Amino acid sequence: MTEEIIIAGFGGQGVLSMGKILAYSGVMANQEVSWFPSYGPEMRGGTANVTVILSDNRISSPVLNEYDTAIILNQQSMDKFEQHVKPGGVLIYDPNGIIHPPKRVDINIYKIEGTLIAAELGNVKTFNMVVLGAYLKAKPVVKMESVEKGLEKSLPARHHYLIPMNLQAVQKGFESLELVQGVS
Amino acid sequence: MGELRLMKGNEVIAEAAIRCGCDGYFGYPITPQSEIMETLMDREPWNETGMVVLQAESEIASIHMVHGAAGSGKKVMTSSSSPGISLMAEGISYIAGAELPCLIVNVQRGGPGLGTIQPSQADYFQSTKGGGHGDYRLIVLAPSSVQEMNDFVETGFKLAFKYRNPAMILTDGVIGQMMEKVVLADYIPRVTDEEIDRRHGSWVTNGRKPNRGRNIITSLEMDSLKMEHNNIRLQDKYAKMEEEDVLFEEVQCEDAEYLLVAFGSSARICQKAVDQCREKGIKVGLLRPITLFPFPKKPIAALAKRVKGMLVVEMNAGQMVEDVQLAAGCNIPVKHFGRMGGIIPSPAEVVEALEQKLIGG
Numbered sequence: 079m080t081e082e083i084i085i086a087g088f089g090g091q092g093v094l095s096m097g098k099i100l101a102y103s104g105v106m107a108n109q110e111v112s113w114f115p116s117y118g119p120e121m122r123g124g125t126a127n128v129t130v131i132l133s134d135n136r137i138s139s140p141v142l143n144e145y146d147t148a149i150i151l152n153q154q155s156m157d158k159f160e161q162h163v164k165p166g167g168v169l170i171y172d173p174n175g176i177i178h179p180p181k182r183v184d185i186n187i188y189k190i191e192g193t194l195i196a197a198e199l200g201n202v203k204t205f206n207m208v209v210l211g212a213y214l215k216a217k218p219v220v221k222m223e224s225v226e227k228g229l230e231k232s233l234p235a236r237h238h239y240l241i242p243m244n245l246q247a248v249q250k251g252f253e254s255l256e257l258v259q260g261v262s
Numbered sequence: 011m012g013e014l015r016l017m018k019g020n021e022v023i024a025e026a027a028i029r030c031g032c033d034g035y036f037g038y039p040i041t042p043q044s045e046i047m048e049t050l051m052d053r054e055p056w057n058e059t060g061m062v063v064l065q066a067e068s069e070i071a072s073i074h075m076v077h078g079a080a081g082s083g084k085k086v087m088t089s090s091s092s093p094g095i096s097l098m099a100e101g102i103s104y105i106a107g108a109e110l111p112c113l114i115v116n117v118q119r120g121g122p123g124l125g126t127i128q129p130s131q132a133d134y135f136q137s138t139k140g141g142g143h144g145d146y147r148l149i150v151l152a153p154s155s156v157q158e159m160n161d162f163v164e165t166g167f168k169l170a171f172k173y174r175n176p177a178m179i180l181t182d183g184v185i186g187q188m189m190e191k192v193v194l195a196d197y198i199p200r201v202t203d204e205e206i207d208r209r210h211g212s213w214v215t216n217g218r219k220p221n222r223g224r225n226i227i228t229s230l231e232m233d234s235l236k237m238e239h240n241n242i243r244l245q246d247k248y249a250k251m252e253e254e255d256v257l258f259e260e261v262q263c264e265d266a267e268y269l270l271v272a273f274g275s276s277a278r279i280c281q282k283a284v285d286q287c288r289e290k291g292i293k294v295g296l297l298r299p300i301t302l303f304p305f306p307k308k309p310i311a312a313l314a315k316r317v318k319g320m321l322v323v324e325m326n327a328g329q330m331v332e333d334v335q336l337a338a339g340c341n342i343p344v345k346h347f348g349r350m351g352g353i354i355p356s357p358a359e360v361v362e363a364l365e366q367k368l369i370g371g
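Just so you know, the sequences run in chain order C and P. With the working numbering, letter number 102 in the first sequence gets 180, and the count goes up by one each step, no holes. With the working numbering, letter number 99 in the second sequence gets 109, and the count goes up by one each step, no holes.
The hints are simulated quantities; they were obtained by calculation from the structure and are not laboratory data. Predicted model, so just to flag it, every value in this text is computed and none were measured. Don't be surprised by glycine CBs; every beta carbon is placed ideally from N, CA and C. Don't take every hint at face value.
[Said to hold, decoys possible] Negatives, chain P to chain C, calculated, CB over 10 Å:
no.: 1; residue: S103
no.: 2; residue: G183
no.: 3; residue: E190
no.: 4; residue: L230
no.: 5; residue: K236
no.: 6; residue: D285
no.: 7; residue: P309
[Stated by the list, open to error] Covered, in the sense of this in silico footprint (three residues per stretch, anywhere, with C-beta under 8 Å from a C-beta of chain P), are these stretches of chain C:
no.: 8; region: 104-111
no.: 9; region: 205-214
[What the hints assert, rightly or not] Label pairs and their computed distance ranges (CB to CB):
no.: 10; chain 1: P; residue 1: E254; chain 2: C; residue 2: Q154; range: 49 to 57 Å
no.: 11; chain 1: C; residue 1: Q161; chain 2: P; residue 2: N341; range: 36 to 44 Å
no.: 12; chain 1: C; residue 1: Y239; chain 2: P; residue 2: V62; range: 30 to 38 Å
no.: 13; chain 1: P; residue 1: E204; chain 2: C; residue 2: A235; range: 38 to 46 Å
no.: 14; chain 1: P; residue 1: E260; chain 2: C; residue 2: H162; range: 27 to 35 Å
no.: 15; chain 1: C; residue 1: L240; chain 2: P; residue 2: N57; range: 27 to 35 Å
no.: 16; chain 1: P; residue 1: G328; chain 2: C; residue 2: K231; range: 39 to 47 Å
no.: 17; chain 1: P; residue 1: V62; chain 2: C; residue 2: V258; range: 38 to 46 Å
One chain only, chain P, in its complex shape (with noise of 0.2 Å):
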């Protein structure tokens, strides 16, 4: 066990899903990500586990099929970057509402619209507030590290089926293209369809079997109480994400006087401004969200008691920032610092915008 590689962040993602026993993916290129399904087709799983690998004929067909194959109990999965999961929305949203496990993967560049193809996080609210429409989540996991893009392709669909809910790995450029060592996982043999019919087949749409009625996959309800109904199971099923499974990382939080906020690749960034700041004297600490959400409140409350100020450092012009500020209440400033358009902030800018915001401010 425990194969350590020099690996992509991209490529890891597809290692990582043939070595969970994922049984299909479905996907259309685009850059920064293409490396997945690339490496996807390079590895050819159907030989060795069974798993499909197909390029679709678009971002909508994808997500589509996705959909379709996640009805039937299966492990599936997509992949794109913030224009393809704009176009994916629709079907996310549909599959939100049917109530279906499957993993979306969002290495995202910057935008709006065609945008750039450099590393961003502008998709925090798209992927965190919903994205499609109607009053849904999704699982959204942001890892900062190579290892961590192995690591969450697991415990993605762990919890999108222990919810039946989409999960999303929001990611970008920056953990997508680099390198870094990763210990592989073991291999997990795929689920046969026996153990499906036993775990799932109280909703699956695998063929009906004799020993039960009819299941039936939609998000369309008529019936306006009905759908209330729908609606009320699938906000208490948040609520209790909320309570079981917020995942979040402090750094250097014991002592410190100011916090540092940020997921992904800009905690890397922020890891190495703590390092800077404690050299010059200034006791500052990093407080990394690993769940977007559920999201991380009641470390960052807690905090909010404890620190001066805290400095939301994202690749957007201020989105989780405003979780943070609810999270935080109004007792202390909660300033941002980003940058945008696919321009990666240095730990230098962020130690400057941490004493001209808060130290100095």
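Same shape as in the complex, but just chain C (with noise of 0.2 Å):
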């Protein structure tokens, strides 16, 4: 199994710590990994992505022109990474922000409210993990346990009391994917 990610958004989304829990996720499940982020100006507020590669195998490049999966979450980024997406791939987007929906016809196309999800939640930062969960249920690459670890091991320990809540937001997303367009 490879699965080769690109998560992209507007820089506070969460879109780095997303990948950065879905990539310990991948340890826990003792699989290779790697994460690269874009860095630099994007950290203060423009446009962030980061490329996540999950495998069996040794990972060869960790930068990458096709993804198996896209998940976009503004429309500068649906603007740059529909079209890279492999066919027969996965998109999934948040269509909040969106204005030119997807018009791939050869790749699966999903949906996720998750800035509605985490606002109803009552905590807007879990907007990512509602997210996460949803790519899990279109993706099933790592198992909820794995999560749960990759969440131990990547926040920090004061912050260890948040874990409760961010996994109710993963199977929020989990429970709330919607497909738009199913290709064989």
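Since each chain comes alone in its own frame, lean on the hints to assemble the complex.
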């Protein structure tokens, strides 16, 4: 198994930490992982993206030009990355702020109302965990126990009291993924 | 032993420095390598091993602190990114001239000038051909994974002390910023002052002892004949490095008809390109120089007799390609493919360049 993922959105949406938790979950499941972020001005509110690779084998390039899965969280990222999903691959997006929905007909497209759900959960910061849950529904590359362990590893001990809330968000996202277009 | 962690390349440099018994780090922040000093400051190794971590007022101050501390036989290092390394160039030349061991980490970004903060390999010439003034060489190690960022800290120090010469880890924003699994090294205790006297008593300036004469560290020699002798001694040392300490990796070269040559992050991209070529039925291999100086001339010369052509892939306008051409000779085409200014080539672009420049051409 090799899963090549791009997660892209605005700086501050938790794109990089979502990738980090996913990478840690992979480590907990004894997979090879790589996490390569965009860095620099993105930390100050520009667009941010991260390439995460999970694999049973040694990972060659941490930098890719096509992806098994694209998780897209703003319009700029849709414009940039929709075209780079492999045929038959997966695109997951949050429709909030998306003016031009994806047009590809050769990929599986899913929607997750991450912004809305996070607001309903009462903590908008759990947005990225809702999206992570949705992703794991579409692509069960790691088990929920591994995500829990991944959260423990990636969060400093003083934030561990937040883990149940984050897991609830992951669960809610898992239950809320909507299929827009399926290709065999 | 063998603690497994998920870490950024930059963080690993800091962790490896502490664990290998480094005595001092002197540096000044610059993207994309600031996590090295940030991690050191977070770890507070002065409480744990006694290692000094100091943010200097500039890169120039940092390298001269390294110069002074290296003269006392301590295991010391600095790190920076391209424009900062240029500022250090004078000091690096002095350290090479004074024949002192130290470790310098360059997490390259795009240039020239202030350039960009995105990854680049445009400092190959600067690192391997001098950078500062005078006939000197650095030992240059090019890691291509976070694990090698860990391993090469200790390797760099070992080689630096073996030859009393500055060693450089030449990496870039890709390897510095990415996270991968890494097995951390075990702790090595810092070398004691008594041990420094025993090992390096012939040259260290750590206070004259009753049983030895004065040690003087300088790169200055006003007598040209003596200075030429100093130069000859340096050149002998560099020749010895080329005999004894060349490192490289061959990937799927046994049956290769075409060869990619790449170092550091470009080599990772090329590994994927090799896989993609082989899926298409094109027999491609990869030679990855690990030491950029001393350069792996012999394996390239040997492969030049077996393959139809070589493509050198670098994130620059064509620098290492000159060394590959020299090593390969004139019987096969040796071409270059590169992206510049902080753009990272994709594996697909490498495959396309190979098809256009070698197979189709």
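Verification of the supplied hints:
For S103 (chain P), the condition that its CB be more than 10 Å from all CB atoms of chain C holds, with the nearest at approximately 31 Å. With a minimum CB-CB distance of about 7 Å to chain C, G183 (chain P) fails to clear the 10 Å threshold, and the non-interface call is violated. Its beta-carbon lying about 5 Å from the closest one in chain C, E190 (chain P) breaks the requirement of being farther than 10 Å from that chain. The beta carbon of L230 (chain P) sits about 41 Å from the closest Cβ of chain C, which is more than 10 Å, so the claim that it is off the interface holds.
Remark: the non-interface label on K236 (chain P) is consistent with the geometry, its nearest Cβ contact in chain C lying 49 Å away (cut-off 10 Å). Not every CB of chain C is more than 10 Å from the CB of D285 (chain P) (nearest about 6 Å), against its label as outside the interface. Non-interface status of P309 (chain P) relative to chain C is upheld: no Cβ of that chain comes within 10 Å, the nearest being about 21 Å off. For the region 104-111 of chain C, the stated coverage by chain P is satisfied: 3 residues place a CB nearer than 8 Å to a CB of that chain, which reaches the threshold of 3.
A stretch counts as covered by a chain when three or more of its residues have a beta carbon under 8 Å from one of that chain; for the region 205-214 of chain C and chain P the count is 0, and the coverage is violated. Distance hint check: the CB atoms of E254 (chain P) and Q154 (chain C) are about 52 Å apart, consistent with the given range 49 to 57 Å. Between Q161 (chain C) and N341 (chain P) the C-beta distance comes to about 42 Å, which sits within the given range of 36 to 44 Å. A C-beta distance of roughly 37 Å is found between Y239 (chain C) and V62 (chain P), which places it inside the suggested range of 30 to 38 Å.
A C-beta distance of roughly 40 Å is found between E204 (chain P) and A235 (chain C), which places it inside the suggested range of 38 to 46 Å. Checked against the hint of 27 to 35 Å, the pair E260 (chain P) and H162 (chain C) passes, with Cβ atoms roughly 31 Å apart. Checked against the hint of 27 to 35 Å, the C-beta distance between L240 (chain C) and N57 (chain P) comes to roughly 29 Å, which is consistent with it. Separation of G328 (chain P) from K231 (chain C) is about 43 Å and conforms to the stated range, judged on CB atoms against 39 to 47 Å.
Distance hint check: the CB atoms of V62 (chain P) and V258 (chain C) are about 58 Å apart, inconsistent with the given range 38 to 46 Å.
The structure is inconsistent with the numbered hints 2, 3, 6, 9, 17, although it conforms to all the rest.
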